[in-house]
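Novice: Produce the entire structure from the sequences given, and follow the hints as far as they go.
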Amino acid sequence: MAAPAQGHRFSSEERRILLTTPGIGQGVIDRIEQAGVQSVRQLHELGIDAVVDRICDGVGNLAWRNRKRALARALAAIRATDTAVLRHHQQSAHSR
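For the sequence shown, our numbering assigns the number 5 to the initial residue and increments by one for each residue that follows.
Everything labelled a hint here was simulated from the structure, so no lab data went into it.
The model shown is predicted, which means the values in this text are computed figures rather than measured ones.
Each residue gets a CB set at the ideal place from its N, CA and C atoms; glycine is no exception.
Incorrect hints may appear among the rest.
Cβ-Cβ distance ranges computed for the label pairs, FRET-style [to be verified]:
{"hint": "1", "residue 1": "Gln30", "residue 2": "Lys72", "range": "12 to 20 Å"}
{"hint": "2", "residue 1": "Glu17", "residue 2": "Gly64", "range": "30 to 38 Å"}
{"hint": "3", "residue 1": "Ala84", "residue 2": "Gly64", "range": "31 to 39 Å"}
{"hint": "4", "residue 1": "Ser43", "residue 2": "Lys72", "range": "17 to 25 Å"}
Specialist: Below, the structure is given as structure tokens:
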């Protein structure tokens, strides 16, 4: 797989959350980006199974299927963070 094009990368906040998830390191993020996934939103929309299948096809190795649970945990963590940020913004707007 080729390296992702410049600008086709997870945001620094998404990358930070992904890297704090057990089972996801920089190599996993690189592979996801190489598979054409540019954001957590896109990862969620495509679905973990489809992205993992795309990576397995690209590297010719089914071992990537072991990353599904870690990716699901990362998506859940990001959704929780997004929800907390949204609540904070809503509370700030109401207190003005």
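Novice: Do the beta carbons of serine 43 and lysine 72 sit within 17 to 25 Å of each other?
Specialist: holds (19 Å)
Novice: Between alanine 84 and glycine 64, does the C-beta distance stay in 31 to 39 Å?
Specialist: holds (35 Å)
Novice: Quick check: does the Cβ-Cβ distance between glutamate 17 and glycine 64 fall within 30 to 38 Å?
Specialist: At roughly 32 Å between Cβ atoms, glycine 64 and glutamate 17 fall inside 30 to 38 Å, so the hint holds.
Novice: Assuming the hint says 12 to 20 Å, is it satisfied by the Cβ distance from glutamine 30 to lysine 72 or not?
Specialist: The hinted range 12 to 20 Å holds for glutamine 30 and lysine 72, with Cβ atoms some 19 Å apart.
Violated hints are absent here; each numbered hint is respected by the structure.
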